[in-house]
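Let's have the full structure, built from the sequences with the hints guiding it.
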Amino acid sequence: MTVRVRLPRVLTDTAAVAPRHEVAGDTLGEVLDSLFADAPGLRHHLLDEEGRIRPHLLVFVDSVRADIDTPVRQDAEIQVLQAVSGG
Amino acid sequence: MKRIAVGTEKGAYLLKGSDSSWTVEGPIFPGWKVTAFGRARDGSHLAAVGSNWFGIGIHRSSDFEEWVETETPPAWPEGSGRKMEQIWAFHDDGERLWAGVADAGLFVSDDGAATWAPVPGLNEHRTRDDWGPGFGGLCAHRILTGADRIWVGISAVGCFRSDDGGVTWEAKNEGVPPVDTAEDAERPEVGYCIHGLAHDAIDPNRIWRQDHRGVFRTSDGGDTWTRIEDGLPAGFGFVIWRHPGTGRLLTVPLHSDGSRVPVDGRLRAYVSDDDGDSWQVAGTGWSDSPQFTGVLRGAFGGDESGGFCFGTTGGKIWLTADTGETWRELKPAFPRIAAIRILE
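Protein chains in written order, with my numbering: chain X, 57 to 143; chain D, 4 to 347.
Keep in mind the hints are simulated off the structure, nothing from the lab. No experiment lies behind these values; they were computed from the predicted model shown. For each residue, glycine too, the CB sits at the ideal point set by N, CA and C. You can take every hint at face value.
Coverage of chain D stretches by chain X, computed from C-beta distances (three or more under 8 Å per stretch; other residues unrestricted):
no., region
1, 30-37
2, 57-64
3, 72-83
What follows is a list of derived Cβ distance ranges for each label pair:
no., chain 1, residue 1, chain 2, residue 2, range
4, X, D118, D, R99, 45 to 51 Å
5, X, P127, D, G97, 51 to 57 Å
6, X, R108, D, D260, 34 to 40 Å
7, X, E78, D, V170, 45 to 51 Å
8, X, R129, D, T130, 50 to 56 Å
9, X, R65, D, E332, 31 to 37 Å
10, D, D167, X, D131, 55 to 61 Å
Calculated from the model, a selection of chain D residues having no Cβ within reach of chain X, i.e. all distances over 12 Å:
no., residue
11, S24
12, T26
13, G135
14, A150
15, G178
16, D226
17, H258
18, G286
19, S290
20, A324
21, R331
Below, the structure written as structure tokens:
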């Protein structure tokens with residue numbers, strides 16, 4: 057399945073990757089693997105040492121909070137958001 | 004000094020100029036903490052960044068303008084239980100590039116920061132289970148090499164030395180009291196909150212140490228340390244630097260671990276011209292107004308010409324071009340400063 061992924065600009069501006077991607081996958085984990093195949097430098101910014109979504113990030117699939125195992129449908133909209141924090 | 008890199012809580016900045024006229028470029032990496040600067044063998048600039056959201060990263064640049072992030076920075080392996088929280092220091096020994104990180108560990112790169120390998124002799128040291136963090140976390144923040152030896156400072160663990168290229172390591176803290184322990188208490192092997200190390204340009208086994216518990220020196224590569232604080236208003240602080248030509252030492256004392264600001268707000272560098280036997284206020288130019296601000300362990304840099312500067316937690320930079328005789332507070336203000344490097 058092909059889905060669309062939107063990444064936060066504070067990440068993409070510094071990592072020099074596009075903020076929007078079209079990639080394939082049947083679960084969020086597969087989608088992220090496809091994303092990392094295109095942009096390997098994103099892996100350690102989105103996943104922690106144990107392969108989990110970093111604790112201060114939220115990922116939404118079609119506006120519903122998702123985890124690595126969440127299934128995705130064709131043309132799903134996936135959005136990565138960072139926590140609002142800091143001074 | 005013509006270009007100074009400034010790493011802050013909110014991005015990096017490049018100071019360009021000389022004497023009284025400085026311009027600021029930046030922010031570079033906006034919104035990211037910039038925690039260390041370094042150089043690779045090919046001359047590339049390195050900048051370590053960090054984010055509470057996105058973890059750490061390393062960026063490379065040939066000109067400090069166009070930056071490319073490396074794809075595989077130092078990482079703890081899955082299942083280790085450790086988190087890569089921050090890159091604290093880079094050190095190029097002429098052959099290999101070293102990085103000190105938190106959770107505390109040492110990594111080495113033989114391809115100019117593209118890939119990194121852990122140093123298991125230190126990272127899995129037999130004392131590892133007893134390592135504990137200081138106020139700045141559990142971090143390997145200072146790396147020295149010379150005379151076929153490697154020294155690494157880890158807070159709040161201590162100074163470690165390797166005599167075999169990093170294969171095996173021994174703690175070297177004899178003469179330094181452990182943090183939060185009486186001077187005459189039984190001495191543990193680890194538990195020393197080292198803040199900074201600087202060694203002599205000619206004899207690398209002569210090392211000066213700014214520690215949580217005071218200022219110390221060794222002439223035997225760290226086998227024994229001696230307290231040297233005559234003339235200092237406080238032993239606490241983070242800065243220790245030795246000019247490679249004259250041997251002048253420089254530190255910036257802070258009141259204590261409880262306050263971490265200058266005694267009575269009198270922000271001053273102190274210098275020693277007798278290897279630390281005695282200290283005095285460094286030169287002139289200091290503010291008469293109270294300066295209740297701190298200086299972090301990576302927020303200073305010096306060069307062979309006698310240029311030296313440090314940045315404060317209040318975001319200001321103090322600079323000398325004559326090894327501490329005259330000082331100037333630069334007008335630009337920055338976020339909390341974590342890293343400084345004089346580029347040229």
